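Visitor: Keeping their order, the protein sequence lines are chains A, B and C. Take the first sequence: its position 52, counted from the start at 1, is 52 in the working numbering, and no numbers get skipped. Take the second sequence: its position 6, counted from the start at 1, is 206 in the working numbering, and no numbers get skipped. Take the third sequence: its position 23, counted from the start at 1, is 423 in the working numbering, and no numbers get skipped.
Derived from the structure by calculation, the hints contain no laboratory data. In this text, all values refer to a predicted model and were calculated from it rather than measured experimentally. Glycine residues also receive a C-beta, built at the ideal position from the N, C-alpha and C atoms. Treat the hints loosely; a few may be bogus.
Claimed, not checked - Mimicking BS3-like on lysine-lysine, the simulated pairs with C-alpha atoms at most 27 Å apart in a straight line are: (1) Lys59/A to Lys459/C; (2) Lys591/C to Lys364/B; (3) Lys424/C to Lys480/C; (4) Lys259/B to Lys459/C; (5) Lys424/C to Lys59/A; (6) Lys391/B to Lys424/C; (7) Lys591/C to Lys24/A; (8) Lys280/B to Lys224/B; (9) Lys224/B to Lys591/C; (10) Lys59/A to Lys224/B.
To be verified - Here are the in silico distance ranges between beta carbons for each label pair: (11) Lys364/B to Gly469/C: 21 to 27 Å; (12) Asn370/B to Leu585/C: 56 to 62 Å; (13) Val388/B to Thr109/A: 44 to 50 Å; (14) Pro61/A to Tyr465/C: 34 to 40 Å; (15) Glu538/C to Tyr198/A: 26 to 32 Å.
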Amino acid sequence: MLYFIDIFGVVAFAISGVLVAQSKRMDPFGILIIAFVTATGGGMLRDVLIGDTPVIWMKNPVYVYLIFGATVFGILFRSKIDYLRTSLFLFDTIGIGLYTVIGVEKGLTAGLAPPICISLGIMSACFGGVIRDILCNEIPVIFSREIYATACFVGASCYLILLKLHVPTNINFVISVLVVIIIRLVAVRFKIALPSVYKD
Amino acid sequence: MLYFIDIFGVVAFAISGVLVAQSKRMDPFGILIIAFVTATGGGMLRDVLIGDTPVIWMKNPVYVYLIFGATVFGILFRSKIDYLRTSLFLFDTIGIGLYTVIGVEKGLTAGLAPPICISLGIMSACFGGVIRDILCNEIPVIFSREIYATACFVGASCYLILLKLHVPTNINFVISVLVVIIIRLVAVRFKIALPSVYKD
Amino acid sequence: MLYFIDIFGVVAFAISGVLVAQSKRMDPFGILIIAFVTATGGGMLRDVLIGDTPVIWMKNPVYVYLIFGATVFGILFRSKIDYLRTSLFLFDTIGIGLYTVIGVEKGLTAGLAPPICISLGIMSACFGGVIRDILCNEIPVIFSREIYATACFVGASCYLILLKLHVPTNINFVISVLVVIIIRLVAVRFKIALPSVYKD
Chain A
1 MLYFIDIFGV VAFAISGVLV AQSKRMDPFG ILIIAFVTAT GGGMLRDVLI
51 GDTPVIWMKN PVYVYLIFGA TVFGILFRSK IDYLRTSLFL FDTIGIGLYT
101 VIGVEKGLTA GLAPPICISL GIMSACFGGV IRDILCNEIP VIFSREIYAT
151 ACFVGASCYL ILLKLHVPTN INFVISVLVV IIIRLVAVRF KIALPSVYKD
Chain B
201 MLYFIDIFGV VAFAISGVLV AQSKRMDPFG ILIIAFVTAT GGGMLRDVLI
251 GDTPVIWMKN PVYVYLIFGA TVFGILFRSK IDYLRTSLFL FDTIGIGLYT
301 VIGVEKGLTA GLAPPICISL GIMSACFGGV IRDILCNEIP VIFSREIYAT
351 ACFVGASCYL ILLKLHVPTN INFVISVLVV IIIRLVAVRF KIALPSVYKD
Chain C
401 MLYFIDIFGV VAFAISGVLV AQSKRMDPFG ILIIAFVTAT GGGMLRDVLI
451 GDTPVIWMKN PVYVYLIFGA TVFGILFRSK IDYLRTSLFL FDTIGIGLYT
501 VIGVEKGLTA GLAPPICISL GIMSACFGGV IRDILCNEIP VIFSREIYAT
551 ACFVGASCYL ILLKLHVPTN INFVISVLVV IIIRLVAVRF KIALPSVYKD
């Protein structure tokens, strides 16, 4: 089950990368690279900073195949992909929730302090998109749409608190991922954003 | 003493990140990230390239708290922060001097050759700002205001030369940091820059 | 022989960085950094992701001297360098071929799967230019001129196939590097590009 969700997450992230790369009119190679960093960039950065190398996609070629497949799919069905936007958004949101908790877990395994684990959760979920935007020469979109990151922050904190309360890991995992997903869905549905810090 | 200067350096770098992020009208999350990379980016890159992981801020959560505090401060006192510019510039300059020598020391500890140690000193002091500018979609400001990096270069070389001359480490440290600080202050005060390489 | 080609490759990459940095009117320090990342960025990224640190140029200061020399040369002979464009293009192409096979070899040594080794070959040859373009605030040029990367892909695959066929390493090395070089030269000479994925 988890394995399938992980796969969905990677594919959803990859396709979101394909869409951005195509809007920049990149060639097939550029599209593939953008898909790749969108899907793996956050986890890759996390692993390098912790020192857990070779990074995950090098240990398991399945990721390379998946992202390659998603890129070919995205290129072939470019015009049809608009119909899939809702499903993609859902996969993407599930992926974010999942990546957040996986990031926190990695931090705990490495024996790091709670605030660091939360940072790693947010990094895993958000920095694929940050690297994608840098490669596309844009200011990362996440720096001005904060609910995305805030959802990860709340989910990551929730996981650590429930862990402290000795909630079984499986249940904790599901609850925390759901927290991320629900916050993001509700925020997008009702257009909720943090108050601006700019008066003018 | 050193500890306090280190803290001042981190805070000064973080606040300089807050100011840049606000000029790009980022949201609170974006501002926090920019503050974070400005303060830790140079040392983080250095540690990753040497292979000294997990990187420093993961081992000591104090950095996370400091940067979080500096970000909140910078957002709350946005309009007042202009009065602090001179103090900030001073902290920033002290931070640069300190980071330079710390970077050189790290290289020596890892058994690297002198020119590599100098590179690591410059990297530690300057690349937080470089990553900040990349995330803000600007050409790094340091690439066209070279005295900043030149000061680090001279300070780092000074440290290695005095080490060779068997000057005690404490005294060497203070002298080399002061060299960086004085070069930068004098250069800014008298608007000194290297001659341009462009005729037209 | 190999050593000389490696040196030519580094110098050619560094000078291509100098040319780009000068077109952005950077100061001498900025030019040096761009030359540095262009020549070492791909290999540096590869080594960090595999976990083979300290990265190569830290272990051998010759790279630092070479790049420094190439930068000084590029700045001094800025106006004359146009006459060298053909030679530079040739060195650059040889460098790409060489870096590709070295990257594949590194992956094999680390015990990674074939598709990962191919990715590492492409990364070694192409990502110096990608990081250069990011620092210069451009969308990486390689994302819209794909023959460059395609040549690396074919050369890397060729190396793995010939290895499987028990072709002696020396011969395999020469053949695979030549494959990259010839594909690139032919593609540039006859203006060959992959078909566009955009209809409009």
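Visitor: Each of the hints needs a verdict: does it hold here or not?
Guide: Quick rundown of the hints versus the structure:
Proposed proximity of Lys59/A and Lys459/C is supported: the alpha carbons are some 26 Å apart, at most 27 Å. As the CA atoms of Lys591/C and Lys364/B are separated by approximately 56 Å, the hinted pair breaks the 27 Å bound. With a C-alpha separation of about 18 Å, the suggested pairing of Lys424/C with Lys480/C holds against the 27 Å cut-off. About 26 Å separates the Cα atoms of Lys259/B and Lys459/C, which keeps this hinted pair within 27 Å; it holds.
For a cut-off of 27 Å, the pair hint linking Lys424/C to Lys59/A is broken: about 39 Å separates their Cα positions. The suggested pairing of Lys391/B with Lys424/C holds, with an alpha-carbon distance near 22 Å, which does not exceed 27 Å. Distance hint between Lys591/C and Lys24/A is fulfilled; the C-alpha atoms sit about 22 Å from each other, no more than 27 Å. Using a Cα cut-off of 27 Å, the hinted pair Lys280/B and Lys224/B holds, with the two alpha carbons roughly 18 Å apart.
A C-alpha spacing of about 41 Å is found between Lys224/B and Lys591/C, which places the hinted pair above 27 Å, so the restraint is violated. Distance hint between Lys59/A and Lys224/B is unfulfilled; the C-alpha atoms sit about 39 Å from each other, more than 27 Å. The hinted window of 21 to 27 Å between Lys364/B and Gly469/C holds, with their beta carbons roughly 24 Å apart. Remark: the range hint 56 to 62 Å for Asn370/B to Leu585/C is upheld by a beta-carbon distance near 59 Å.
The given range of 44 to 50 Å is respected by Val388/B and Thr109/A, whose C-beta atoms sit roughly 47 Å from each other. As the Cβ distance of Pro61/A to Tyr465/C is approximately 38 Å, the hint placing it in 34 to 40 Å holds. Look at Glu538/C against Tyr198/A: about 29 Å separates their beta carbons, and that is inside 26 to 32 Å.
Checked against the numbered hints given earlier, the structure breaks hints 2, 5, 9 and 10 and satisfies all the rest.
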